[in-house]
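One letter stands for each residue in the lines below.
Protein chains: 2
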Amino acid sequence: MDTISLVHGEGGKHTQQLIKELFYKEFSNDNLLKDKDAAVLSLETQSIAFTTDSFVVNPLFFPGGDIGRLCISGTVNDLVTSFSIPKYISLSLIIEEGFSFKALKEIVASIKKTSEEAGVTIVTGDTKVVEKDKVDGVFINTSGIGIIAHSLKDIIKSGDKIIITSNIAEHGTAIASSRYGLEVIGDIKSDVAPLNDLISVLWDYREYIRLLKDPTRGGVAQCFNEIASKYSVGLNILEYKIPIRKEVKALNGIIGLDPYYLASEGVMVLIADGPMAIDIVQQLNKDEKYKNAAIIGEVTEGHKKVVLENSHGGKHVLRELEGVMLPRIC
Amino acid sequence: MDTISLVHGEGGKHTQQLIKELFYKEFSNDNLLKDKDAAVLSLETQSIAFTTDSFVVNPLFFPGGDIGRLCISGTVNDLVTSFSIPKYISLSLIIEEGFSFKALKEIVASIKKTSEEAGVTIVTGDTKVVEKDKVDGVFINTSGIGIIAHSLKDIIKSGDKIIITSNIAEHGTAIASSRYGLEVIGDIKSDVAPLNDLISVLWDYREYIRLLKDPTRGGVAQCFNEIASKYSVGLNILEYKIPIRKEVKALNGIIGLDPYYLASEGVMVLIADGPMAIDIVQQLNKDEKYKNAAIIGEVTEGHKKVVLENSHGGKHVLRELEGVMLPRIC
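Protein chains in written order, with full-length UniProt numbering: chain A, 1 to 330; chain B, 1 to 330.
Which copy? The list can't say, so a pair holds if one copy fits it or any two copies do.
Heads up, simulated BS3-like pairs for lysine-lysine below, C-alpha to C-alpha not over 30 Å straight-line:
| id | residue 1 | residue 2 |
| --- | --- | --- |
| 1 | 113 | 230 |
| 2 | 132 | 105 |
| 3 | 132 | 102 |
| 4 | 102 | 112 |
| 5 | 249 | 13 |
| 6 | 289 | 246 |
| 7 | 13 | 304 |
| 8 | 13 | 153 |
| 9 | 304 | 241 |
| 10 | 305 | 13 |
| 11 | 157 | 289 |
| 12 | 315 | 13 |
| 13 | 13 | 189 |
| 14 | 157 | 20 |
| 15 | 20 | 230 |
| 16 | 246 | 13 |
| 17 | 286 | 113 |
| 18 | 25 | 230 |
Calculated directly from the structure, the hints in this document are not laboratory data.
With the rest of the complex left out, here is chain A (with noise of 0.2 Å):
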């Protein structure tokens, strides 16, 4: 078999063995194996999260990741959003008649890879096969459960800071340089990864975390402006302090791209309270993967604005993404 056929999501015979000999096979857990139309779980908590997403990213195969990587860590990182552990995932594709069943295997490969490093077991699962051009080789879908490890408070207020956990712009960059072809120029790729280990580097800090948010489509300008709306706050973020690597602003010069609106997949926002979100980037400093950690910036009374500051004072407001940036980038 080379490739994926409407006889694959029909539900009979080759359904039942594309399910046994790649799905059952590469994601073996007990939960799984029941075959069963809904999979039964005992929690150790009846306080969960849950959450869905749908990927469309173009192209399947990117600088950094692919849509098997991306669809386990953007289901994780929004369950870490709630400070839950992630644990269940639900796995859902739609695939085109014709799809080659090589690229399948690697993305359900990588699929595995991520799952065990994020600690969480794919449960439940479906898959569909649509006609030649019905629908743009894969999507898939994966909606995830997990425990939550404490409460956060859910209120912000002035004087609380901005910390960034990473780098950021990185997988919108490399979607971009991708798409345009110019994946030659600098060491651009994406950031993709899950940080359920989040949950366990900020556990002594928890107290004085008053939110975490992930700022995927539309970059930080949409993430921080969603923050100040829901919560009627501003938002002062301190331009020169945003952690962004030199290749991501010169290739975003290039393409005529402005990075606050780019995607990151493996950065989280935090909102912690003023006096300790220091000690709070020092313990992130302290590992590798989030040593570029920073405070970026506070909360004002302001109204709903975020305001960026430059070196000089000067100030200007940062808007929610209005038009069409760079579609499909998850």
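Keeping the supplied structure of chain A fixed, place chain B upon it in accordance with the hints.
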């Protein structure tokens, strides 16, 4: 706004508007309105069912239903198969650029109506938009969480009876009639419906029910074969006991499809304790919705085969689905 454009999928201002003005308005509930990347849920138990399904049905609107009613019913019914009370649904849409906003509103209204009927709430979601011709209209993923009401024993033995709750093949036939432009022949419409009420209807008999399975893709033929294969039993089915409407038979005769392989979306197959099966059917029959429920056969020692017996005692093997029958029925 008449149509959906790429900007609605960028994650910026227009995505936020679409989410708030359409989804939040229709699906308003405390969890959803918290506007988080993951819903935080307090469950009544630590024992849950978790399932996922992507819906790629063509056409989106068909006699008796639409993709909105289907995407809720399908996931609700998968939760019911593990005797759980469906509670929380995640909703993820992949929409084609240029898709009619009016059609999207109709689908969302149908999702809302069916969710209310099923007693589930939509607590988290995702919206993606892809370029024209990169997806066919709209594909929807729903994942669901149910509260396990009773643990099924999951043991099937010779002498157990096979019960079906309603007329078969109605959904597949409705899709076929629509696909072939035969809507005018007879009263053909999909049976798509959430079956969460089965948990209470069957509650007093829960100890006597071994298994529930919904005969969707691949119809009853696939459903029976999967049971036979998984539990290493034979299934002897009395063909003349299977409830099927004569209009459904007639239309399938015209288009040359075998109704045993056509999907139902509002039917459940039960395997029940032999001596209690009549009582269970009588209990089901009290409900107008299940007035055609019947015992249609029994579990035999056999060797993973499904045998169809006609009214003259003639027997033949009912095989699992091998070829392409009718793509994209769900």
